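Going by the working numbering, the residue at position 167 of the sequence shown is 731; the numbering climbs one at a time, nothing skipped.
Don't read these hints as lab results, they were simulated from the structure.
Be a bit skeptical, because a hint or two may be false.
Simulated restraints on C-beta separations [claimed, not checked]:
id : residue 1 : residue 2 : range
1  : Arg622    : Asp672    : 44 to 54 Å
2  : Ala745    : Arg682    : 35 to 45 Å
3  : Phe747    : Arg698    : 18 to 28 Å
List of simulated lysine to any residue pairs, SDA-like, C-alpha gap at most 20 Å [stated by the list, open to error]:
id : residue 1 : residue 2
4  : Lys619    : Gly581
5  : Lys619    : Gly629
6  : Lys619    : Ala595
7  : Lys619    : Ala583
8  : Lys619    : His599
9  : Lys619    : Trp651
10 : Lys619    : Gln650
11 : Lys619    : Asn642
12 : Lys619    : Leu602
13 : Lys619    : Pro673
14 : Lys619    : Asp672
15 : Lys619    : Ala589
16 : Lys619    : Glu594
17 : Lys619    : Thr685
These numbers were taken from a predicted model, which means no experiment stands behind them.
Just so you know, even glycine gets a beta-carbon here, dropped at the ideal spot from N, CA and C.
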Amino acid sequence: MRTDILDLHDFYETPLGRAARGFVAARIEEAWRDHDRLRLAGFGHAEPYLAYFEKAERALAIAPGEQGVVRWPAGGANRAVLSGDQWPLPDASVDRLLLVHGLEEADDPRRLMRECWRVLTTDGRLIIVVAHRRGLWSMIDTTPFAHGRPYLKRQLERLLQQSMFRPLAWSSALYFPPIGARFLLRAARAWERAGARMWSGLGGVILVEAAKDMAQPVAVGAARRVRSGAPVATRPAILGARTAERKERET
C-alpha cells in the first residue's frame, strides 16, 4: 500500500518537510545545474523537487494510481496518474528522470527500473532518492521516508547494475533528526554540514545519479562466432558519459 498523496503533500507543507525538501533539492540541483531546454520527468512524489527546474523544456510528474495527485499551482509540472506498469511516455523521450518516494514502495523495483531505462535518452541521467536503512529518517515513522523499503548503498548499486544502469555519483542528505521542534530546525544547517564531513554514512537519504549502461556482454557462442570471422552486433557505447566518477565511502 502506497503512502497517500495527502500525507505526502501535508508533510512537505510542514516546517520539517520544507527543511527536508531544501536539503535534498540542493543535492539534486548541484547535479543538474545545466537543465535549460531539457525534458524532465519525476516518478513517485517528485513535484516538490521538479519545481526547482523552471528552465526545463517540460516537466512531467508521474504518480502511481493508488497514490493519487494533488492540484498544482499554475506553471507547475504536468501530471499523469499511472494505473499500470507502463508509463505514458515514448521510448527515449526524457533527458532527466527523478525518483523520489518512488522506489521504496514499488511492488517490483526491477520492473520500475526497466521502465526508467526505456524512457531515458541514450545520454540521459537518472537520480534516485531513497531512504537510507541506517539513517534516523527510515526509523521514525512520522515522515514519508520511513515508509516502504529503505536501502543500503550496496543494495541500490546492485539494483542499478541488474537494471543496466551505471552509477556516476553518490551523495547523502538529511543528517538532522526528523523532528519538527523549532530549536532543532534552526540548527539543521549545522547538522547537515557536520554530517557531510563526519558522518557521511548516516544520512537520512541516499542519492545516486546514474546513466544508462549501453554495453552488453558478449555471450560465449557469440565470442566463438567472432573468432570464426562472423560479425556480431553489439550495442553502442554510451554517449556523453562523464570522464570521472565521484566515489564515496561504502555506507
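Against the structure, the hints:
1. A C-beta distance of roughly 28 Å is found between Arg622 and Asp672, which places it outside the suggested range of 44 to 54 Å.
2. Under the hint 35 to 45 Å, the C-beta atoms of Ala745 and Arg682, about 44 Å apart, fit the expected range.
3. Look at Phe747 against Arg698: about 25 Å separates their beta carbons, and that is inside 18 to 28 Å.
4. With a CA separation close to 24 Å, the supplied pair Lys619 and Gly581 exceeds the 20 Å bound.
5. The straight-line distance between the Cα atoms of Lys619 and Gly629 is roughly 28 Å, outside the 20 Å bound, and the hint therefore fails.
6. A distance of roughly 15 Å separates the Cα atoms of Lys619 and Ala595; the hinted pair therefore holds under the 20 Å criterion.
7. Pair hint Lys619 plus Ala583 does not hold up; C-alpha atoms about 23 Å apart against a cutoff of 20 Å.
8. For the suggested pair Lys619 and His599, the alpha carbons sit about 7 Å apart, so the restraint of at most 20 Å is met.
9. Proximity of Lys619 to Trp651 is assessed by CA-CA distance (about 24 Å); at most 20 Å being required, the pair is judged violated.
10. With a C-alpha separation of about 27 Å, the suggested pairing of Lys619 with Gln650 is violated against the 20 Å cut-off.
11. Distance check on the hinted pair: Lys619 and Asn642 sit about 14 Å apart at the alpha-carbon level, within 20 Å; holds.
12. Distance restraint check for Lys619 and Leu602: the Cα-Cα separation of roughly 8 Å lies within the 20 Å cut-off, and the hinted pair is therefore satisfied.
13. Note on Lys619 and Pro673: the hinted pairing is violated, with a Cα-Cα distance of about 30 Å set against a maximum of 20 Å.
14. Proximity of Lys619 to Asp672 is assessed by CA-CA distance (about 33 Å); at most 20 Å being required, the pair is judged violated.
15. Under the criterion of a C-alpha separation no larger than 20 Å, the hint pairing Lys619 with Ala589 is consistent with the structure, at around 16 Å.
16. A hinted pair counts as satisfied when its Cα atoms are at most 20 Å apart, and Lys619 with Glu594 qualifies at roughly 15 Å.
17. For the given pair, Lys619 sits about 19 Å from Thr685 by alpha-carbon distance, which is consistent with the 20 Å threshold.
Hints 1, 4, 5, 7, 9, 10, 13 and 14, counting from the list given before, are not met by this structure.
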